[in-house]
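*Asks:* Next come the chains, spelled out residue by residue.
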Amino acid sequence: MKKIEAIVQPFKLEEVKEALKNIGIDGMTISEVRGHGRQKGHKEVYRGQEYNVDLLPKVRFDLVVPDTRLDEVVEALTNAARTGKIGDGKIFVYDVADAIRIRNGDRGDAAV
Amino acid sequence: MLAARTALVDSIVRERWSAMPDGAAIAAVGGYGRAELFPHSDIDLLILVPGAGGGKRDDRAQQAIKEPLSLLLRDLWDKGLRISQSVHTPQECNQIDNSNAELSVSLLDRRFLAGDETLFRRVHDPRPELGKDIARLTKERHAEFQHTIYHLEPNVKDTPGGLRDMQVLRWLAKLGAGDEQAPPDTAVLFEVRCFLHYLAGRDDNRFTFDRQDEIAKLIGAASPEELMRRYYRAVRNISRLANRRIDRFEAKGSSLLAQFRDKISRLSNSDFSVVRGEILFRSANAVENDPGIVMRLFEFVAMHGLPLAGDTLDRLERASGRFKEWAKNQSGLLAPIRRAMLLPHAAAALRMLHACQALEGIFPELRDMEALVIRDFYHRYTVDEHTLVAITNALSLRQKKGDTFADLAIETQDFDLLPIALLFHDVGKGTPDEPHVPVSVRIARPALFRAGISERAWDIVEFLIAAHLELSSAMSGRDLSDPEVIRSVAEKVGTVERLRLLTLLTWADISAVNPGALTPWRRQLLWKLYMLVNAELTRELTARIGSPEMAGSPELRAFLEGLPPRYLRIHSAEEMRQHLRLDAEAKEKGVAVSLVRSEVWNLNVVASDKPGLFAMIAAAISSFGLNILRAEAFSNARGRVIDTFAFADEQRTLDLNPDEVQQLVRTVIRAVRGEITMTQLLERRPRVKPDARLLADARVTYNNGASPSSTLIELLTQDRPGLLCDIASVISNSGANIEVVLVDTEAKKAIDVFYVTRAGVKLADGEAEELVGALTKVAVPV
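Sequence order for the protein chains is A and B.
Read in our numbering, the first sequence has 56 at position 56, and its numbers run on one by one without any break.
Basically our numbering = 1-based index in the second sequence + 1000.
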């Protein structure tokens, strides 16, 4: 099993959700996060004052998928979240040791 | 049914108790004591053992009872009864301190079951001070639910107005803190809670959407929404009574507070007296004889923020029919509402108006959203409550300091229209099967025109309602780094003034969805969007319309060339044609002036541009003692300046002296032609005492980055007569040229924006700083 963590632009939320749904991925956790990568923050000027905008709003998707589906899910995510511009975000993939469904104790792929 | 269940449990407990040794007693307390046992409620038992004097327990007696008692309790458990017991001596029961307030409260409902009755009689009713604890616990509980009954998925026991509040009413009555009033009809609450217990198989009182569907079917309600309206009505009555009773109990409390309240009773006037901090009508049939008193009461509350006495509420409720009848034939009710929206306690006043159903008397259209349930993932409240929370949040912005959105609220013109737009923004949700935004606009229009809204104000309100989802949908669904996205939002919004109002409306709307909806993340997105669109609109002000590809005569197109897009957005076709006529006249005479009276006086001047022109016209208007409300100045590609001024004639000089109208026009023409000097004009200016200070100091800033061709100077200060003229003179005297002016001085504060150049280019930073310094001196409130 793999855990996929994807940081994407806020306005891509619906599109990414839809893309995952279309390939049959229903379970995911979505959070509102702030941060920056190479895009860094930038300064906005308002009323002559500079506002430091170093942490940019992003959306984070967390999902766990069977190994066999990894490539397909990453591809769907990438296609849906890409605009081709700086700040499109990143995808991280981790190995998952096990998964347990709390309700009935199912383990492994059956639990995700 | 509850009583039958209680009787059954009574007989079981009594039967088992017969095996107990003498010298102890057993009593029912809590809900069981009240003989209201819901299917899965705990069975609260109090076991009384004798004391040994000195507050100690009688150890021997206790030992004797210990073994048989645990047998008895185990036995009851095994029978499937959820027992919750406590063992006390009568002395312990009669002590009150904070740590056992809940025990004392449960004793209020004690009921003897079996055993030594003399022991039971030694337990006294708690002292009335217990009411303070009840009030405190109740307020804490209400706070957990944001003090509102209108939760979409309420807890029928603990949500304000729920069964717990019903008990609070009875407890306070027992403690002598309430008059014995007929209790409100609560049958629906009892019924719902029984079903909730049955369906869940445990003591679960959450009235979720699923349960609403199931129970509506079970009790034969027409629809879940219908059941919920019944629920909210019952709960509203309980909640109102309980809050009133608790406030009264607290009012008895501190003597310091009482002194303060006696002091503020000087607020009393010919309509109202203030007694112990509560508002009472002076005359018994005040509302029947003069329904307009409700509007004065509304403004009185908005000004002073005091609660109504129970008696006042009763009278308002009884006379609500009479008020509605009266309100139907009134045409100017929006004016007092708008005035009140700028007072410190506007939100409390609006809630008061809603609570006594006078708001619905003025706008019967609002009944469409009363206790209206719209189910979705994130809304927490019914539509009417969401609306009131949004208004409360919007109004509270002006009390905050050091918050970016609060600063925006201070800078916003027509702030009083924001709550009006919010009041109607979701009213269309009451009409099924249609998208709610256009319906809201359709409903608001006749309602607000009936209440006397002006065309100018309606334009703003209509825009706000129609666009109330624009910013939130752009925030969540569009790429804000794409300039095209920002341009299209700017296009829809039109002007910076509207952008400010719409941003605040969006802020208030999101924050009223549920207490956690406005996350720092969303705030940041909204602020970013505001800054980007603001920058776009600001830049656009010095952008020029190229050769406009629009309909209209060649003359009109030539006239429009070079004007900023804002000019097109804020003027109607009729106004443009009028300006064009003035332009033709100015071609011959050098200057053309029109002066018309609508809501306020409007002066339009078209002239060839020259240094100091704007300042001269402002001085000419001030010299007549007239107060400039709004002013704008633009120039087109042919070097013609179009200056528009709206001003108020507070002394009614023009109204009462028709000759003065022509005199003003002549003075403006002479000022433009240079036939009269600035000094002469200023000498004529009457000295008027400025209003009380609202803003502590002036804020003057310059910005060289906002526009490609001009330096932007922004100024926010307390308005005073002649302010605009003084500011314009300072700019002109510094040798700078005013390219564009946007001035608004409503609500006693001046928000002025000047785009200036010197010799056709931006000011150097040093020059701009010097000018800001000079402007700060004249702008500081006196």
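By construction, these hints were calculated from the structure, which means they are not laboratory data.
Treat the hints loosely; a few may be bogus.
As the list claims (entries may be wrong) - Restricting the straight-line Cα-Cα distance to at most 30 Å, the calculated cross-link-like pairs of lysine-lysine (DSS-like) are:
hint	chain 1	residue 1	chain 2	residue 2
1	A	K90	B	K1528
2	B	K1777	B	K1401
3	B	K1492	B	K1748
4	B	K1132	B	K1174
5	B	K1492	A	K85
6	A	K85	B	K1174
7	A	K17	B	K1528
8	A	K17	B	K1401
What the hints assert, rightly or not - Which residues of chain B face chain A? A few of them, derived with a C-beta cut under 10 Å, are:
hint	residue
9	A1474
10	D1482
11	M1531
12	A1774
13	T1776
14	V1778
15	V1780
Cβ atoms here follow ideal geometry from the backbone N, Cα and C, with glycine treated the same way.
*Asks:* Now tell me if each hint is right for this structure.
*Replies:* Hints versus structure:
1. A/K90 to B/K1528: Holds. A/K90 to B/K1528 sits at ~22 Å (cutoff 30 Å).
2. B/K1777 to B/K1401: Roughly 24 Å separates the two Cα atoms, so the pair holds.
3. B/K1492 to B/K1748: holds, 29 Å
4. B/K1132 to B/K1174: The hint holds at about 13 Å.
5. B/K1492 to A/K85: Holds. B/K1492 to A/K85 sits at ~26 Å (cutoff 30 Å).
6. A/K85 to B/K1174: violated, 70 Å
7. A/K17 to B/K1528: holds, 24 Å
8. A/K17 to B/K1401: violated, 39 Å
9. A1474: holds, 9 Å
10. D1482: This hint holds: B/D1482 lies near chain A, its Cβ roughly 8 Å from the closest one there, short of 10 Å.
11. M1531: With a closest approach of 5 Å, the B/M1531 hint holds.
12. A1774: violated, 17 Å
13. T1776: violated, 14 Å
14. V1778: Violated. Min distance 19 Å.
15. V1780: With Cβ-Cβ at 19 Å, over 10 Å, it is violated.
The structure fails hints 6, 8, 12, 13, 14 and 15 (numbered hints given earlier, in ascending order).
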